[in-house]
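Put the two chains together into one complex, using the hints given.
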Amino acid sequence: EDQVTQSPEALRLQEGESSSLNCSYTVSGLRGLFWYRQDPGKGPEFLFTLYSAGEEKEKERLKATLTKKESFLHITAPKPEDSATYLCAVRGYSGAGSYQLTFGKGTKLSVIP
Amino acid sequence: ETGVTQTPRHLVMGMTNKKSLKCEQHLGHNAMYWYKQSAKKPLELMFVYSLEERVENNSVPSRFSPECPNSSHLFLHLHTLQPEDSALYLCASSQDTGAGADEQYFGPGTRLTVT
Chain A
20 EDQVTQSPEA
30 LRLQEGESSS
40 LNCSYTVSGL
50 RGLFWYRQDP
60 GKGPEFLFTL
70 YSAGEEKEKE
80 RLKATLTKKE
90 SFLHITAPKP
100 EDSATYLCAV
110 RGYSGAGSYQ
120 LTFGKGTKLS
130 VIP
Chain B
4 ETGVTQTPRH
14 LVMGMTNKKS
24 LKCEQHLGHN
34 AMYWYKQSAK
44 KPLELMFVYS
54 LEERVENNSV
64 PSRFSPECPN
74 SSHLFLHLHT
84 LQPEDSALYL
94 CASSQDTGAG
104 ADEQYFGPGT
114 RLTVT
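Taken in order, these protein sequences are the chains called A and B.
Be aware that the first sequence starts at 20, since it is given in this note's numbering, and climbs by one per residue.
Be aware that the second sequence starts at 4, since it is given in this note's numbering, and climbs by one per residue.
The reader is advised that the hints may include incorrect statements.
[What the hints assert, rightly or not] Taking beta-carbon pairs under 10 Å as the criterion, some of the chain A residues facing chain B (in silico):
(1) Tyr55
(2) Phe65
(3) Lys87
(4) Lys88
(5) Leu106
(6) Thr126
[Claimed, not checked] Label-pair restraints from in silico Cβ distances:
(7) B:Pro64 / A:Gly48: 28 to 34 Å
(8) A:Lys87 / B:Arg12: 36 to 42 Å
(9) A:Lys76 / B:Gly17: 45 to 51 Å
(10) B:Leu30 / A:Gly48: 23 to 29 Å
(11) A:Ser38 / B:Ser23: 28 to 34 Å
(12) B:Glu87 / A:Glu34: 38 to 44 Å
(13) A:Pro59 / B:Gly6: 15 to 21 Å
(14) A:Tyr70 / B:Ser41: 27 to 33 Å
(15) A:Glu64 / B:Ala42: 15 to 21 Å
(16) A:Ser71 / B:Leu54: 27 to 33 Å
[Stated by the list, open to error] A few chain A residues that don't get close to chain B, going by computed Cβ distances all over 12 Å:
(17) Glu28
(18) Glu36
(19) Ser37
(20) Ala72
(21) Glu79
(22) Thr95
(23) Pro99
(24) Glu100
(25) Asp101
(26) Ile131
Hints are computed from structural coordinates only; laboratory data are not their basis.
Don't be surprised by glycine CBs; every beta carbon is placed ideally from N, CA and C.
Okay, chain B solo, but in the shape it has when bound (with noise of 0.2 Å):
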């Protein structure tokens, strides 16, 4: 595996159902991400971690819980989500140098359907 891989590809789940999403990056970064993609919408910044901390959070209802066990993994976990919560969810990674420019490389995303 390279770059930065994501499963499943595809889930349909139910108001009430609970899920989760992986992440794994093959690219020895310290930094990862989480990505919201709605039609017509700008890309949504969700979750961040660096060195397995969290550091950004930005007003993301607590129906959506993100863990990173390590600096290679990402896990964002799903439950009682809404219609509105149906997106492409994607994860990024990069290497943090603290300069801020950092480009990220994303996975090819988990396209969610909340039924």
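Only chain A is shown next, with the shape it has when bound in the complex (with noise of 0.2 Å):
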């Protein structure tokens, strides 16, 4: 069974402070790590897909790495307009033709002014 965990669970940053969040997981071959953003109330935002470890991918403020068991979304210089719940999924080879997409729990990310 696929599985994912998030640490922390919620994480308080002032203005350009830079952090990381961890996206730990077990998963029977590895087809795509995937991150969203949540804001309050909409759904989920796509950010981003990691394919294999190693690989790499910024957006703006946020770069997401991969390696064989974590993922981490760096937040670099961050804004309030960053806070946000961020969410970590991923997609194993559970079966022929498996849509199972695993997600965790979110790290509720608030920056302050």
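In structure tokens form, the structure reads like this:
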């Protein structure tokens, strides 16, 4: 069974204070690891897909990296508008044609001006 | 309209009512999904449709009944719900290429309260 654990559950940063969010996973063969951002009362917004260990992707102040056991979402010089819950999800080879996407509980990020 | 839309955004229903949630995607995708999001829990996949055919049903109680009349529309019919069914119901879509790593795009959700 695929599993995703995100840490910390909540993180408070001062504006400009860089940090990282962690996503640890176990999966029977990784098809893809996904990062989403979710604002209160809204659906998750797609950020990145990572496919293999060593891969990195960047978007504005966010950078996602992947190893064989975990992924990190690095936030550089965050701004208050980066405040949101960040979700990590994986899809593995748990069966031919499987569509199962396993999500973590998320990290709630608050950036204080 | 762009992206994935859901109606209604908020719904309050009694345990004996029957209601339906509607989802429409404007992205040209061929797969659609229903998820349940409860407080302090990860998103739970409920149903998946690919090319209008149901391909996954994660042991969801029969009081939830999905319908996918075409690749752009998805419904979730609700009847005889329980208070523990109160949650945010999210619809998503993706372009199913068979590779299994297709990103999903979510709608804003329907906040359901069962009284």
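Inset, instruction - Could you tell me which of the hints above the structure violates, numbers in ascending order? - result: 3, 4, 6, 11, 17
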